[in-house]
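Student: Okay, here's what each chain looks like letter by letter:
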Amino acid sequence: MKGNDLNNLVLEDGANIAVVGGGPSGSFFTYFALDFADRYGLDVNIDIFEAKDFTCSGPAGCNHCGGIISESLIQTLSTEGIILPSNVIRRGIESYTMHVEQGTTVIKTPLKEQRIASVFRGFGPRGSVSEIYDSFDNFLLNLCIEKGANKISDRVNEVSRQPDGILVKTKSSFEKKYDLVVSAVGLNKQTYDLFRNVCSSFVPPRTTKTFIGEIYLDGARIDKYFGNSMHVFLLNLPHIKFGALIPKGQYVTLVLLGSDINKKVVSGFLASRQVRDCFPQGTDIENQMACQCYPSINVQGAKSTFDDRVIIIGDTSSSKLYKNGIGAAYITAKAAAKTAIFNGISGREFKKYYQPVCNKLDMDNGVGKFIFLATGIIQKSVALKRGMLSMVISEQKKAAHQRRMSSVLWDTFTGSASYKDIFARFIHPKLILNFLRHTVEKLFTNKPKNTI
Amino acid sequence: MKKNTLGQQYNDGEIIIRQGEEGHCLFVIQEGRVGVFHQKDDKEIKVAELGQADFFGEMGLFEKDVRSCTVRSIGEAKVMTIDKKNFYKTIQQDPSLAYRLLEKMSKRLRDTNKLLK
Chain W
3 MKGNDLNNLV LEDGANIAVV GGGPSGSFFT YFALDFADRY GLDVNIDIFE
53 AKDFTCSGPA GCNHCGGIIS ESLIQTLSTE GIILPSNVIR RGIESYTMHV
103 EQGTTVIKTP LKEQRIASVF RGFGPRGSVS EIYDSFDNFL LNLCIEKGAN
153 KISDRVNEVS RQPDGILVKT KSSFEKKYDL VVSAVGLNKQ TYDLFRNVCS
203 SFVPPRTTKT FIGEIYLDGA RIDKYFGNSM HVFLLNLPHI KFGALIPKGQ
253 YVTLVLLGSD INKKVVSGFL ASRQVRDCFP QGTDIENQMA CQCYPSINVQ
303 GAKSTFDDRV IIIGDTSSSK LYKNGIGAAY ITAKAAAKTA IFNGISGREF
353 KKYYQPVCNK LDMDNGVGKF IFLATGIIQK SVALKRGMLS MVISEQKKAA
403 HQRRMSSVLW DTFTGSASYK DIFARFIHPK LILNFLRHTV EKLFTNKPKN
453 TI
Chain P
431 MKKNTLGQQY NDGEIIIRQG EEGHCLFVIQ EGRVGVFHQK DDKEIKVAEL
481 GQADFFGEMG LFEKDVRSCT VRSIGEAKVM TIDKKNFYKT IQQDPSLAYR
531 LLEKMSKRLR DTNKLLK
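Protein chains in written order, with the numbering used here: chain W, 3 to 454; chain P, 431 to 547.
Chain W with its partners taken away, still in its complex shape (with noise of 0.2 Å):
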């Protein structure tokens, strides 16, 4: 029924695909292959297996993610007509607060509109009660439910290949022989090891780890000293590349980007002055976290992540560096997609029309490499980040499409454009002339101008 031709299988009607992994990657998947066969004709049924209840708060229904949907997925998101509703989102992000040893600023959004989302992956950190809110997960995966999708509360343990399809199996028993199996297990090694059965050439992506932490502090107090701002750390700290604190409902969410993150690393963070003067004072931060954990991130894409009738998709395929990975799950999960529905189902046809979009993501990731290993540079150096701050001050004054250095670092920090583009600004002679100007009139002056 579904092509026996090894070199040209293509989903037919009654087809069956099976998606392990009910995060965002899954159902993005799910959504868009059904709404892909809806508009072509072509009838197909999809389970989604998810061992996780979203609707728990603490891990058990979390997906371990620091939950900021960028400004790009967000557009993105609405001309596809997926509107995020306020009781998904915890805060509309208006602008971004940056803290370097020298001072402090705020780079607005260019349009003065809340044009980022911050979320929980979950119901939220643990012991959090509320009958209102929705998580971000939890949102998708009722789309896709409410799309046709049939959701499978269990966890899959065994992946293997028969002649004429992939048999999945599940703890509890349950095994069906599915057309097309789509891996969608983030970077969870013991699942997607189950996928070697079936991909064999499949090399996982390298990771790191990294820090999130769910700090308690009401929302008055969250209204008087975040507001609508994610505050963004540049400091000269060891082993940390980026720290970001995130305002959420009742909690600010803190994420430590770099190497080697432990609670060592974790401790000299917080006990910095930056990030102690963004709390009412006397706040006992480490004891008011509520959930942290260790993650790991994608930070150098898999290979071989595709055969025929199985398809890796997610984080555990390639990802943004560092920033907007639920952005990159939309990406590789809406071209699996549509490779899928349009094209077929062999790896021929995903080697074809998936493997560049995943071979654009690490390219791209190539030169954020470099970007953060400039950003690293003036991270350690006192004079570049007395001109950096100066010059952004100075640009919040001009009009949006003069402030080069903020929208620079508006785009790094947001991960709402690709690098390739943040790097092309970045080399404009015009930036680094002005730059340069404020760096070297900064070393002739005593101090700078701590805020705005």
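Honestly, I wouldn't trust all of these hints.
Cut-off 25 Å, straight-line C-alpha distance, at most; resulting in silico cross-link-like pairs (DSS-like, lysine-lysine) [as the list claims (entries may be wrong)]:
1. Lys432(P) - Lys114(W)
2. Lys226(W) - Lys433(P)
3. Lys544(P) - Lys534(P)
4. Lys243(W) - Lys266(W)
5. Lys382(W) - Lys243(W)
6. Lys519(P) - Lys362(W)
7. Lys149(W) - Lys179(W)
8. Lys340(W) - Lys519(P)
9. Lys400(W) - Lys514(P)
10. Lys110(W) - Lys432(P)
11. Lys399(W) - Lys114(W)
12. Lys353(W) - Lys340(W)
13. Lys519(P) - Lys534(P)
14. Lys362(W) - Lys515(P)
15. Lys515(P) - Lys400(W)
16. Lys422(W) - Lys305(W)
17. Lys519(P) - Lys354(W)
18. Lys432(W) - Lys400(W)
19. Lys305(W) - Lys211(W)
20. Lys519(P) - Lys422(W)
21. Lys494(P) - Lys515(P)
22. Lys340(W) - Lys537(P)
23. Lys114(W) - Lys544(P)
24. Lys382(W) - Lys400(W)
Covered by chain P, per the in silico footprint, the following chain W stretches (three or more residues, Cβ under 8 Å) [what the hints assert, rightly or not]:
25. 76-82
26. 289-302
Away from chain W, derived, C-beta distances all over 12 Å, residues of chain P [as the list claims (entries may be wrong)]:
27. Glu474
28. Met489
29. Lys494
30. Thr511
31. Asp524
32. Leu527
33. Leu546
Calculated directly from the structure, the hints in this document are not laboratory data. For each residue, glycine too, the CB sits at the ideal point set by N, CA and C.
Please arrange chain P on chain W, whose structure you already have, making use of the hints.
Tutor: Chain P in isolation, oriented as in the chain W frame:
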């Protein structure tokens, strides 16, 4: 301003786009409702009422002409601006992003044909 919504907030009756003005953005309603009004010979006719996830201003993306209607908020509404440059960049990378836009524009044409009959 509400903390847990996106876009720009408009109060009841506030004009979001004005007929005759230049426009280069698409707008997507995040929350609330808006009314679309066409003015001719000092008379204003309500052409449509739009709600969450509906868009307007799409002609400004494809034509170098002025806005054909005025759009006003009905009650409080939150509206997200989609920049023309971002829109074209994204659609260049992923043309399927235009499916919904084409579908809605086709529906609007069908509705207009019905009205003419």
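Student: May I ask which of the numbered hints given earlier this structure violates, with the numbers listed in increasing order?
Tutor: Result: hints 23, 24, 26, 30, 31, 32 break, sorted rising.
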